[in-house]
Structure formats: C-alpha cells, structure tokens
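Going line by line, the protein sequences match chains A and B. At position 115 of the first sequence the residue is numbered 115 (my numbering), and the sequence of numbers has no breaks. With the second sequence counted from 1, adding 1000 to any position gets you my numbering.
These aren't lab readings, by the way, just hints derived from the structure by calculation. Treat the hints with care, as some may be off.
What the hints assert, rightly or not - Not close to chain B: a few residues of chain A, all C-beta gaps over 10 Å, as computed:
1. F26
2. F37
3. E47
4. S51
5. L55
6. Q126
7. P128
8. M132
9. M133
10. A134
11. V135
12. F193
13. G227
14. S229
15. A240
Stated by the list, open to error - With the Cβ distance kept under 10 Å, some of the chain B side facing chain A (calculated, not the full set):
16. K1078
17. M1082
18. G1086
19. F1101
20. E1123
Glycine included, each C-beta is placed from N, C-alpha and C at the ideal position.
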Amino acid sequence: MEIASSLGRFTLYRIQVLGRSGIFIFTAILQAFLPPFRISRLIKEIEFIGSKSFLIVFVTALFTGMVLGLQGYYSLSQFGAEAALGVMVALSIIRELGPVLCALMVSGRAGSAITAEIGIMKITDQFPALEMMAVDPLKYVVSPKVVAGIISLPLLTAFFDLIGIAGGYLVGVNLLGVSEGAYIGKLATAVTFRDIYGGVIKSLCFGLLITWIATFMGYTAEATTEGVSRATTNTVVLTALSILIVDYILTSLLL
Amino acid sequence: MIRVENLVKRYDGITASNHLTCRFERGKVTVILGGSGSGKSTLLRQLTGLEKPDEGAVYIDGKDLNTLSRKELFEIRKKMGMLFQGSALFNYMTIFENIAFPLREHTKIADNIIKTIVTMKLEMVGLRGTEHLMPSQLSGGMMKRVGLARAVVMDPTVIFYDEPTSGLDPISTGVIGKLIQDLNKTLNITSIVVSHDIDSCFKIADNIILLYYGEIIANGTVDEIRNSTDERVKQFIQGAPEGPIPFARTAKNYLDEILYD
C-alpha cells in the first residue's frame, strides 16, 4: 500500500513538473513573438549556442565521417560495393548521425552552460532585479535562448553533414582509393530531399528540446550552489536521454 | 505613499506576515527593522509585488498592487527603484551597461544623453571612471553603490533598499546611509529600508517599524522607538542577549533530548 501511494505521489509530481515545463516553454515561445523584439539578445545567443559550437561540431563531424569511411569501406569491400561508400556515409550522417551527434555535442557544451547561467542569475537575485526594472525575465532571458537553439541547431547540423561527408571522402577517396566520381556522383542521386528534410526536422526538434530542458532546469533550480550544480547535471543527463528517445520517435514517424 | 492593510503571508504553516497594517510616507525614510526571520524581507517582497499576500492588500498611490495586471504592475515598477542585498548587478554587463539598462529598456533616450545620465549617477555614488569595468572587478561596497546608481537612474518615486549596509565597512556604511538620506531629500521620494543594523538605521530613519516574528511590535519616529518602554524593543535596540526575545529556537526540552534520545 505504502509503495503504491509513494509511486502515485511520484507519478503525480512528475506529471505536474511536465505540465509546468509545458506552460513555461509555451509562454517563452509566445513571448518571443510579442514586441519588443530583442534582436541583439537573439544574435548574442545564436553566437553562444551556434557560432561557439562550430569547432566542437567540426571535430566531431570530421572524425565521425572518417570512421564511417573506414568502417563502410571495410564492410562494403566484402561485397565489392566500395563505390557505394559515399552514399552510405552521406545517408548515415544526414538522416541520423548528423542531427543526433550535433545535438549531443551542443547539449553538452551549451545546454549545461545555459542552466548554470540561469541558475546563477537566480542565486544572485538577477531575476527579481529584472522584475523590479519592469522587464519580464522569461522574455528577456529565456525566449532568446530558445529561439536561438531552434535557429542554430539546423545550421550546425547542415555544417556537421558537410564536414562528415568530407571526412568520409578524405578516408575513402584519398586514403583507400575509392573513385572520386563514385563517391560524389552517386551521392547526388541517392540522397533525396526527404532525407534532408527529415534531418532538418530532427535538428529543429533537438534545438527546441535542448534549450527547453536547459532553461527550465535553470529557472526551477533551487537557489543554492548545490541546487544549480544538481540542475546542471540533470540538464546534461536529461537532454542526452531525451535526444536519443525523441530521435527514435521522429525516425519512426518520418520513415 | 504606500499603505499596507492587514497583510498576511504564510509559508508551510509559519506566519511570516501576521496581519500587518502600516504606511510609508512620501519624503520620509522608513526603516523596517527586525532580527533574522522576523519577516522583513517577506514584507519587502510583498511591497514590491514580487510576492502576493495570502490576505490583505498593499496600496501604492491608492492602487491595490495585487489586483493589477502584469502590464499595470510593470508601469508602476518603472517608477520604483530597488537596491538588492547582493546588488543583483548583471554579471555579463559592464558597470555602464548595468546602469543604462533601465533607460535602454523603457525610454528612447539617445545614446549620448544616456551616457551623460550614467556619468551623473556614477558621480553621485562616487564611482565615475568605473564605467568600463565588470561587476566582478568591484568590491562589495562598490557594487552596492553601482546597484544604487542603477536603482535611481529612472528617477523613481519609491526606492526600496534591502539590507543596504550589511557586510560593508564603516565608511561604506556611512556613504550609503548619506546617499539614502540625500536622495530622499532632493527627490522627495518614499524610501523604504529593510535592515537589522541599529546604528545606521537610527542615523538615516525618519520612521521605524520594528518586526518580531511577523508582527509589528513598534511603529514610530526614531525618538519614539529609542524611548520605547516595550521590553522586546529595548532588548533589540540594546542587542541584549537576555530578554523576552529568545536567542535559541523553540525545540523540545534540552534535558530530555540529551538524556533520553
């Protein structure tokens, strides 16, 4: 009986949190479309979430593409199908690895930083200070981060895809001797708009997911150093798990 | 003028504001005095509309703060300034940007005029020349002065000060106290100071409201409070360890706890 009631309490609490987070993100997105528009804040956030993630995305994409080139060549050469290497690398990256790995990297770099930043703002009374200066903290702090996430992730994913395919080319064509024409030529015919569209949809969803979790965790963090540290850890774990789960759901819907 | 009527606020069964009724006059510095946990900060948060009372009302110029829409509340807050205990400066902005922030948000004043206003406010708090620094490069006292400059940059009609002198050295305490008095006189505004610092409070206050466990136990001028015959007021003013205000929190019997638990 005791177990059932505590399970019930736990479930109800989780549903409440989910509901609160839903209202939170809905309000934040709604606020982004209401004046005054904070373009400079948005650009600053795009710089933080997007531009500053370029290097980490570049390295991840390059090595992912190179490994795929190696593994793909090894597998395909057993059937004499090395010419399909470009298609294999490109489809793996565009449809799956690009959006997922890029989102995981951005969540690790920017997600945790967003939670920590908002948490520290909370500890140091910067939210009540904004309130007292007649500025809505949700609109000023959260909305630009969410919009920046939704804008940045598809762009970073496109960059990831490009570098990943180039990484595969580097290994496949330059190191292992696959024909350049086969790698590039087949790629152009085999990759359809539907594949790219699926990747873009995924990256848009991941952009929202990362900033949603990160900002909500920061906003609801207990206003202590321990609370902020816990919220930051939760952001990293939750975003990583959510990205993988949502990826499966989206893949099954998009296929 | 701010009027508080029958204000009640409870947290988990603890009454932080217990049927409080008082008023804060324009042109006067009113200090809300009390020990830790007496409900000073709770009262301040309700006065500013940062928290809603469970019962009762806060009236600012006749308007009930808690019946206002968010937009109306923000309009009133544009005429309010607040100095936070920890200054609450935005750590990613320079001192100049911090002080200019309310002007940039709510006015269309040209950049060169904003620069002049910020310079004037910094001169007022004696920190001209720090415009380009980040808050982390300032001492606690300097941050409080910048916080004060930011609080008054919109020329408010009400200023709230949350523990303005806590953690400051005697000179900084004196400077902040003088600034509070000067601002109040020159701008003829309502100044509300939350503090537990008796000495600086007696120096700057016109009126004092003394809180004890969420209740007002004294409300009057500095002389009235100084000459109060209430034992609780006397103990608080003198900082006496023995008296009707207990130091230890109420718990179960001490002997029972150490002998039988």
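We went through each hint and held it up to the structure:
| no. | hint | verdict |
| --- | --- | --- |
| 1 | F26 | 16 Å, holds |
| 2 | F37 | 13 Å, holds |
| 3 | E47 | 13 Å, holds |
| 4 | S51 | 17 Å, holds |
| 5 | L55 | 22 Å, holds |
| 6 | Q126 | 5 Å, violated |
| 7 | P128 | 5 Å, violated |
| 8 | M132 | 4 Å, violated |
| 9 | M133 | 5 Å, violated |
| 10 | A134 | 4 Å, violated |
| 11 | V135 | 6 Å, violated |
| 12 | F193 | 41 Å, holds |
| 13 | G227 | 16 Å, holds |
| 14 | S229 | 18 Å, holds |
| 15 | A240 | 27 Å, holds |
| 16 | K1078 | 5 Å, holds |
| 17 | M1082 | 4 Å, holds |
| 18 | G1086 | 6 Å, holds |
| 19 | F1101 | 7 Å, holds |
| 20 | E1123 | 22 Å, violated |
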